[in-house]
Amino acid sequence: MSRSPTRNANASSRSSAIRLPSSSRRNEAPTLCREFNEASQSSLRGAERDEAILEQARNSGLLRFARNDENRQVTRRILLLAGTSEARALAARIAAEGGYDAVASLAGRTSAPASLALPTRVGGFGGVEGLKRYLEAERITHVIDATHPFAAQISSNARLASAALGLPLIVFAREAWRPGADDNWSVVADNAAAAKALGETPRRVFLTIGRQGVANFRAAPQHDYLLRVIEPPAADDLPPSCEVFSARGPFTRDDEIALMRKKRIEIVVSKNSGGALTYAKIEAARALGLPVVMIEPPARDGVAVLHDLDAVMALLAS
1 MSRSPTRNAN ASSRSSAIRL PSSSRRNEAP TLCREFNEAS QSSLRGAERD EAILEQARNS
61 GLLRFARNDE NRQVTRRILL LAGTSEARAL AARIAAEGGY DAVASLAGRT SAPASLALPT
121 RVGGFGGVEG LKRYLEAERI THVIDATHPF AAQISSNARL ASAALGLPLI VFAREAWRPG
181 ADDNWSVVAD NAAAAKALGE TPRRVFLTIG RQGVANFRAA PQHDYLLRVI EPPAADDLPP
241 SCEVFSARGP FTRDDEIALM RKKRIEIVVS KNSGGALTYA KIEAARALGL PVVMIEPPAR
301 DGVAVLHDLD AVMALLAS
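Numbering (UniProt numbering), first residue to last: 1 to 318.
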């Protein structure tokens, strides 16, 4: 039976400042960023991969790089791109440990987001160029992308802007779910493919994809949909037969089983968001023997990905 993801801790000593390398070494920053990012392509998983990334970052000297005067001590100035429970936990840890000058950023797509333990800005940056200007103006030394696995645009912008300025980019993400022997998944690339995967025969569908992308299911109007969201989408985006209800998790396995039984659900559509917070719906579908159309997240090519909070903190402190 498949289990929800677990986390292993990797501890490391902490310090509150970065010692800067020589000016010639600073000029190597883009190359060092590439070396650091290539560690994420390792076949290792979980804690072993996180430790390999940490070791490569330490050996490359990347985390000693900062654009400033030679031999000067500077406090780490962090931009945390937030929007997930993992980002909230990381913000709380950064605030509690001290020694960091950090600001969090939210996209502003929900009207009442959960609060963060760091000063928080809300709204976009204006694309890659706008983000570059912000990073330079705020003298950011480290960028952490802890956005939702499906927030492809801001993740891409963060990767491009960080690389252009030679800044370390750390991606802190949930580990994706993997099907177990008792799961019945159809894995697809996007919402449009998910709508097609439902087939021609009318079914009662539980949509757990949020409000973005729901318009794709208008192409499959033969089904009856149950859409669970935090905030409702525009009425024009909904398929013809769609019941919408607002609820914010986390939900338990028993909650999800009761809901699916009550609504006579026949198939579940889910994003592979990973982590434990929303895994109960997958456990419920398994318990009820229901098929799941699983939408895979966009690939995070060319960036180092960590799944453990302690590993992120160790990397910052290296």
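Hints are supplied without guarantee of correctness; some may be wrong.
As the list claims (entries may be wrong) - Using C-beta positions, here's what the derived DEER-type ranges look like: (1) Glu129 x Pro240: 36 to 44 angstroms; (2) Ile230 x Ala137: 14 to 22 angstroms; (3) Pro298 x Glu136: 39 to 47 angstroms; (4) Asp254 x Arg204: 41 to 49 angstroms; (5) Arg93 x Val187: 29 to 37 angstroms; (6) Pro298 x Lys196: 12 to 20 angstroms; (7) Ala95 x Arg203: 40 to 48 angstroms; (8) Arg203 x Leu277: 24 to 32 angstroms; (9) Gly126 x Ala247: 20 to 28 angstroms; (10) Val187 x Ala137: 35 to 43 angstroms; (11) Arg133 x Glu243: 22 to 30 angstroms.
Source of the hints: derived by calculation from the structure; they are not laboratory data.
From the three backbone atoms N, C-alpha and C, an ideal C-beta is built for every residue, glycine too.
Practice problem: Provide an ascending list of the numbers of those earlier hints which the structure does not satisfy. | Solution: 2, 3, 4, 9, 11
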